[in-house]
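All chains should be built: construct the whole structure from the sequences, respecting the hints.
Using numbering that gives the first Met the number 0, the final residue of the sequence shown is 62, and nothing's skipped along the way.
Everything labelled a hint here was simulated from the structure, so no lab data went into it. Please note that a few of the clues may not be correct.
Said to hold, decoys possible - FRET-style restraints, in silico, Cβ to Cβ: (1) R13 x P61: 28 to 34 Å; (2) Q31 x L8: 18 to 24 Å; (3) T41 x E20: 34 to 40 Å.
Bear in mind the structure is a predicted one, so any value in this text is a computation, not a measurement. Just so it is clear, CB atoms sit at the ideal spot from N, CA and C, and this is done for glycine as well.
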Amino acid sequence: MGRETALPLTFLGRMAALLDEEFVPFMAALNQTPVPAIRINTLKLSVADFAARSPWPLTPIPW
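Encoded structure:
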């Protein structure tokens with residue numbers, strides 16, 4: 000399920016002018032439910048070390 004994003008009309012007008020035919024996909028992306036994610040600073044902690052300490056199950060995301 001998505002969510003409606005309430006944005007100022009001036010912003011929407013500017014984005015519509017800038018994005019042209021890409022405005023509709025832009026709005027669709029904004030209204031999608033965000034993917035819960037966490038980024039691990041691997042300079043300080045490895046992914047394996049974080050996974051061992053994490054109280055949450057970890058699943059890689061596609062990006």
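Between Q31 and L8, is the Cβ distance one that fits in 18 to 24 Å? holds, 21 Å
Check the following: the C-beta atoms of T41 and E20 are separated by a distance inside 34 to 40 Å. holds, 39 Å
Could you tell me whether the CB distance from R13 to P61 stays inside 28 to 34 Å? holds, 30 Å
The earlier numbered hints are all upheld by this structure, with none contradicted.
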